[in-house]
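As they're listed, the protein sequences go chains B and H.
Heads up: the first sequence runs through residues 1 to 280, numbered per the working numbering.
Heads up: the second sequence runs through residues 1001 to 1189, numbered per the working numbering.
Note that these hints are calculated values from the structure, not bench results.
Please note: incorrect hints may appear among the correct ones.
[Stated by the list, open to error] Below, computed lysine-lysine pairings styled on DSS-like, alpha-carbon distance capped at 25 Å:
1) Lys1069(H) <-> Lys62(B)
2) Lys1121(H) <-> Lys108(B)
3) Lys1182(H) <-> Lys1069(H)
4) Lys1121(H) <-> Lys176(B)
5) Lys1100(H) <-> Lys45(B)
6) Lys62(B) <-> Lys1182(H)
7) Lys45(B) <-> Lys108(B)
8) Lys244(B) <-> Lys198(B)
9) Lys1171(H) <-> Lys62(B)
10) Lys1171(H) <-> Lys45(B)
Letter by letter, the chains look like this.
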Amino acid sequence: MRIINTSEVTQIVSKMCIDANYYLSEDMKETFNKSMDREESELGKKIFSQLEENLQIAGEDKIPICQDTGMAVIFVEIGQEVSLQGANITDAINEGVRKGYTEGYLRKSVVSDPIERVNTKDNTPAVIHYDIVPGDKVKITVAPKGFGSENMSRVFMLKPADGIEGVKEAILTAVKDAGPNACPPMVVGVGIGGTFEKSALMAKKALTRNLNDRPDIEWVRSLEDEMLDEINSLGIGPGGLGGKLTALAVNINTYATHIAGLPVAVNICCHVNRHVTEII
Amino acid sequence: MTLGKVQLLNKDIIMERHIELPITSEVASSLNAGDYLYLSGEMYVARDAAHKRIYELIEKGEPLPIDLKDSCIYYMGPSPAREGQVIGSAGPTTASRMDKYAPTFLDKGQKCMIGKGKRSKEVRDAIIRNHAVYLASVGGAGALLSKCIVESEVIAYEDLGAEAIRKIKVKDFPAIVVCDDKGGNLYDL
Chain B
1 MRIINTSEVT QIVSKMCIDA NYYLSEDMKE TFNKSMDREE SELGKKIFSQ
51 LEENLQIAGE DKIPICQDTG MAVIFVEIGQ EVSLQGANIT DAINEGVRKG
101 YTEGYLRKSV VSDPIERVNT KDNTPAVIHY DIVPGDKVKI TVAPKGFGSE
151 NMSRVFMLKP ADGIEGVKEA ILTAVKDAGP NACPPMVVGV GIGGTFEKSA
201 LMAKKALTRN LNDRPDIEWV RSLEDEMLDE INSLGIGPGG LGGKLTALAV
251 NINTYATHIA GLPVAVNICC HVNRHVTEII
Chain H
1001 MTLGKVQLLN KDIIMERHIE LPITSEVASS LNAGDYLYLS GEMYVARDAA
1051 HKRIYELIEK GEPLPIDLKD SCIYYMGPSP AREGQVIGSA GPTTASRMDK
1101 YAPTFLDKGQ KCMIGKGKRS KEVRDAIIRN HAVYLASVGG AGALLSKCIV
1151 ESEVIAYEDL GAEAIRKIKV KDFPAIVVCD DKGGNLYDL
């Protein structure tokens, strides 16, 4: 067994929360720049150049890219040959979030109860998803999620007879309804299959995929390309103010499902698609 | 002052204008959906929780912490400022969450709202009847927009943290007219 003290997890999570909110990943930046060159609307180009300048200011002047520094969504893959010692792992992760959001001048956007709505003042608790995997490593992904786009996300419980056409319609419906609210150009995460909650989790995880990585399944690759083209013919455009570039990418994950169902989840993210991964 | 024109894809010519706050009914009526504005002057910052509290005070007929007459409210909750910074990241939040409260605020004299995203028919009707205006600033450009804020002060509801009401002073703050008092709506154009 490899022993890992959870205090190490706290330190890493803290740093990741800060990094994710000040610097966009290389693959996102690359896609952003490529998309920018393809925008034809003058106002769209103007919005793109503001967003580009925004990223530069964020990094140089240490101002978060977006004031909505999100609810911290954290994926943890724990190798089954790892023995975690020290504080309870969930407490250790939340301590990292508390430290990162406080020391990193990040906004505290979490309320302790959905109805009573009292701010916890330290952005905890995080939403943590654990997986047990083979090996002796711990892989952590921190993906702070803003709610302008989160609020526009959907789960559709389609019928098997709806098939791929139904899936396409569901994705386009979610994107059209999101429109300017979700801060386009957006990244669209999609989960197809599984159960109600599995589809939503896949859609969330799809947003954290490196944009240069493509799915192994051929129809999924084609669907990603087709949906990106379709979304970019809707005319919503940067900032929702009209133009060609409504989405930067469509990432789709799939899983086995039940004979009676075809769940489709669409998790929309704005152009500030933040995620950082570290392996201990 | 008209500065220049921007050609939009499949859209009319757009005007760029410098506007001094406050925006009165007369100024609001001179604005058209699609106009690209640079705002200078004072405005309030408030979002969900502060709107709920003010709305409840209006319903009870009690005094308000801010003067709504000819006011401009920026729907925003900033990230904390570092030492030496006026404010942290300061981009717009989704305006539709304020739709429940906005018509009442407009009927009480507010003239300008700044946020992002679509508004309800009730809000658009209230804009028309009150000769007000709804502007969008660029969502997710909080670092850039913070540079246009030259002063910031919490003036009410400090207990709400990021949702406290602030008074800010802006200089050449970029915003686009989305809904005007003629019924124009940029998202529908």
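* Hint numbers not upheld by this structure, sorted from lowest to highest -> Going through the list in order, the structure violates hints 1, 2, 5, 6, 7, 8 and respects the others.
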